[in-house]
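These protein sequence lines are chains H and S, in that order. Residues 0 to 352, numbered by numbering that gives the first Met the number 0, are exactly what the first sequence covers, in order. Residues 0 to 267, numbered by numbering that gives the first Met the number 0, are exactly what the second sequence covers, in order.
Worth flagging that the hints you see were computed from the coordinates, not collected in a lab. Just to be clear, a hint being listed does not mean it is correct.
Said to hold, decoys possible - Simulated restraints, written as ranges between beta carbons of each label pair: (1) H:SER342 x S:LEU29: 19 to 29 angstroms; (2) H:ILE282 x S:GLY72: 24 to 34 angstroms; (3) H:GLY295 x S:ARG159: 38 to 48 angstroms.
What the hints assert, rightly or not - Looking from chain H toward chain S, a few residues come up when the C-beta cut is under 7 angstroms (computed): (4) PRO207; (5) LEU224; (6) ASP271; (7) PRO326; (8) ASP328; (9) VAL333; (10) VAL334; (11) THR335; (12) GLU340.
Since this is a predicted model, take the numbers as computed values, not measurements. We treat Cβ as the ideally placed atom computed from N, Cα and C, and that holds for glycine.
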Amino acid sequence: MAAELAEQPHLTPLDQSMRVNTWQDRTSPGIRDAISNLQRIVAQATAGMSLSLTERPAAWLDHLSVTAFPKGAEWTLKSIPTIGFGRGGTPDAGWGIARFEGDSALAGDLTLVRPATTQWLDANVTLTDPGTPDTVARWNIGTPDFWPGATQLIGATNPVTIAVPFVNTSPLENFGQARSAAQDARKGAVEDIRRRLDVAMASHAQLPPHRIVEYLADDIGMGQLITARAIGVSPTAVRKWRRGDATKAEHRGRLAKFAALASLLTELGPFDPAGWLDVPISIESTLTPVDLFVAGRADLVVLHGAQHASPQETLDSFDAQWREKYPSDPDYEVVTLKDGERSAFTKRTEKRP
Amino acid sequence: MSEVGEPPGDEDAQSGVEHLRALVDWDAELDAALGTVDAPLDLYEEASWYRPISTGDIFFDVPVPGCTQEEHGSGLTMILAHPSAMREGAVLEERARAGPVVHDSRISRKKYTPGFYDLFTLPGLSTPAKEAGHELKDQPWAALLGITGTIETASLDVKRRIACLSPTGVTLLIQKLVHCDTRHAVRLDTVGKVMAEKLEEIEQLQQWNEELAAPRVDAGESLQTVLLEAADTFEAALQPLRPLLVDPVRRGVVWRQIAQERRALRAQ
Numbered sequence: 000m001a002a003e004l005a006e007q008p009h010l011t012p013l014d015q016s017m018r019v020n021t022w023q024d025r026t027s028p029g030i031r032d033a034i035s036n037l038q039r040i041v042a043q044a045t046a047g048m049s050l051s052l053t054e055r056p057a058a059w060l061d062h063l064s065v066t067a068f069p070k071g072a073e074w075t076l077k078s079i080p081t082i083g084f085g086r087g088g089t090p091d092a093g094w095g096i097a098r099f100e101g102d103s104a105l106a107g108d109l110t111l112v113r114p115a116t117t118q119w120l121d122a123n124v125t126l127t128d129p130g131t132p133d134t135v136a137r138w139n140i141g142t143p144d145f146w147p148g149a150t151q152l153i154g155a156t157n158p159v160t161i162a163v164p165f166v167n168t169s170p171l172e173n174f175g176q177a178r179s180a181a182q183d184a185r186k187g188a189v190e191d192i193r194r195r196l197d198v199a200m201a202s203h204a205q206l207p208p209h210r211i212v213e214y215l216a217d218d219i220g221m222g223q224l225i226t227a228r229a230i231g232v233s234p235t236a237v238r239k240w241r242r243g244d245a246t247k248a249e250h251r252g253r254l255a256k257f258a259a260l261a262s263l264l265t266e267l268g269p270f271d272p273a274g275w276l277d278v279p280i281s282i283e284s285t286l287t288p289v290d291l292f293v294a295g296r297a298d299l300v301v302l303h304g305a306q307h308a309s310p311q312e313t314l315d316s317f318d319a320q321w322r323e324k325y326p327s328d329p330d331y332e333v334v335t336l337k338d339g340e341r342s343a344f345t346k347r348t349e350k351r352p
Numbered sequence: 000m001s002e003v004g005e006p007p008g009d010e011d012a013q014s015g016v017e018h019l020r021a022l023v024d025w026d027a028e029l030d031a032a033l034g035t036v037d038a039p040l041d042l043y044e045e046a047s048w049y050r051p052i053s054t055g056d057i058f059f060d061v062p063v064p065g066c067t068q069e070e071h072g073s074g075l076t077m078i079l080a081h082p083s084a085m086r087e088g089a090v091l092e093e094r095a096r097a098g099p100v101v102h103d104s105r106i107s108r109k110k111y112t113p114g115f116y117d118l119f120t121l122p123g124l125s126t127p128a129k130e131a132g133h134e135l136k137d138q139p140w141a142a143l144l145g146i147t148g149t150i151e152t153a154s155l156d157v158k159r160r161i162a163c164l165s166p167t168g169v170t171l172l173i174q175k176l177v178h179c180d181t182r183h184a185v186r187l188d189t190v191g192k193v194m195a196e197k198l199e200e201i202e203q204l205q206q207w208n209e210e211l212a213a214p215r216v217d218a219g220e221s222l223q224t225v226l227l228e229a230a231d232t233f234e235a236a237l238q239p240l241r242p243l244l245v246d247p248v249r250r251g252v253v254w255r256q257i258a259q260e261r262r263a264l265r266a267q
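Hey, can you work out the whole structure from these sequences and the hints?
Structure follows, in structure tokens:
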């Protein structure tokens with residue numbers, strides 16, 4: 000498991016991006032985002048362990064419940080989050096009260112009581128592989144003013160430190176730092192997505208084509224027409240592969256890459272990637288995620304599917320002229336009628352039934 | 000040198016345009032609005048017995064009522080009904096719109112020919128026909144879009160089907176048919192969006208047929224009876240899930256469920 004986690008430093012750059020984007024505000028919504036971020040990162044990173052933080056909406060900073068429970072015996076939450084509250088000091092100064100109740104190796108609740116006047120929050124999570132003395136992952140959240148050097152998830156072999164903007168600096172400077180950090184983080188995320196796609200592709204490429212087609216159709220729910228379009232072959236070709244016919248080398252490679260994309264989206268992306276892949280990214284364009292895949296930009300598809308890039312960002316990265324080159328139909332929109340059938344209606348001028 | 004039935008300059012784009020300009024009904028603006036296909040065989044799908052009968056299918060020995068002997072001399076007929084109009088669920092409607100397929104020496108036998116707005120040209124039709132086990136003369140074929148009639152779907156036998164259109168072919172056909180009927184050119188992607196889920200449903204039914212009906216036919220049961228039963232069981236499985244198909248992002252849920260049903264039935 001430790002090795003598996005070490006192979007997934009991708010979580011870090013992805014979440015750096017999120018953090019930089021959300022931590023512009025040191026008020027409670029920003030902190031809530033950070034906590035939500037912590038929950039997601041730890042849950043994903045431990046792949047089998049879930050960690051949930053339950054917010055108490057009425058007075059969330061005063062009373063926060065943290066529950067950690069490992070699923071299965073492989074993982075142990077060795078060090079329960081230590082959380083301190085204070086004003087102008089460190090957590091160790093004892094301003095806050097942190098109390099953990101329960102067996103840290105199995106399950107328990109951490110109840111935090113914080114004076115209403117304090118303004119910052121810091122939490123540490125350390126995950127240790129019980130089979131080795133090494134720390135596998137360490138996570139720290141903190142309001143930016145408390146701990147500027149706060150780190151995100153640290154993989155055992157790939158520690159990453161993010162830049163957290165200071166408070167009490169000029170908003171313009173903050174913006175510049177945040178933007179620069181976001182760009183760096185995005186670049187790292189894209190590189191990591193490409194790496195993960197390659198790893199997944201190599202795995203799928205070892206399977207016979209009919210197994211890959213079955214995986215896409217039966218496990219993912221991908222329509223064969225979408226698969227055919229993604230690979231650049233006729234639906235007949237896909238059907239023949241499913242029956243066991245051989246594929247050309249380049250088709251086999253693309254098939255494996257498409258399956259890799261589907262796998263990664265299932266893990267990181269939309270609820271149901273099979274249908275999502277064929278839905279236009281923006282109402283202003285006909286481009287779908289499958290079109291981006293066909294054009295060789297599976298990385299953008301994953302970034303968009305994981306909600307780390309807006310539709311406009313995704314399409315701008317693909318082609319700055321997307322509005323001109325791939326415009327949606329200015330005259331018609333396709334709507335589903337009461338009988339379940341789809342019809343094309345002129346935009347704006349006709350009242351839908 | 001051009002072959003018989005080949006317009007001058009078929010191999011040469013410039014000459015081909017010159018040839019088209021000589022035709023009365025050629026219009027550059029309209030041609031830009033209507034779709035085309037570069038590789039003619041992209042128009043076709045394999046005409047497997049287990050492919051559900053659908054829009055663009057071409058049969059022999061199915062007369063179209065109202066057509067003259069000249070119009071129907073070839074004996075070939077193309078289904079022209081919209082995919083949404085020719086099926087009630089997985090089962091064919093009793094009647095469907097169809098048009099005759101004719102030999103027309105004005106068009107190319109090898110390339111999709113622009114213009115000719117009352118025809119749907121069928122370049123290379125002999126190739127899919129041969130793959131389906133039928134010999135067809137290699138000449139310029141086209142379906143008449145302006146002269147159509149209503150046929151009984153009970154007369155359609157998949158063993159007499161010589162070709163099926165691919166999703167690309169069906170979309171082009173419907174676009175041209177709509178224009179022929181209304182003189183209005185709707186964008187190809189919009190036409191495709193309207194039909195997308197119907198075409199995917201046909202794919203799923205074919206998969207169902209290949210896995211559940213084909214073994215029974217191979218064992219000696221009647222093809223027609225088995226296909227009808229397969230359509231019924233497919234519809235029974237899909238019917239409760241149909242509302243989910245309305246939302247494109249939930250189609251995956253439907254097809255995963257159908258795959259489970261298929262596997263369960265196959266295991267029986």
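Problem - Non-conforming hints, listed in increasing numerical order - result: 2, 4, 7, 10
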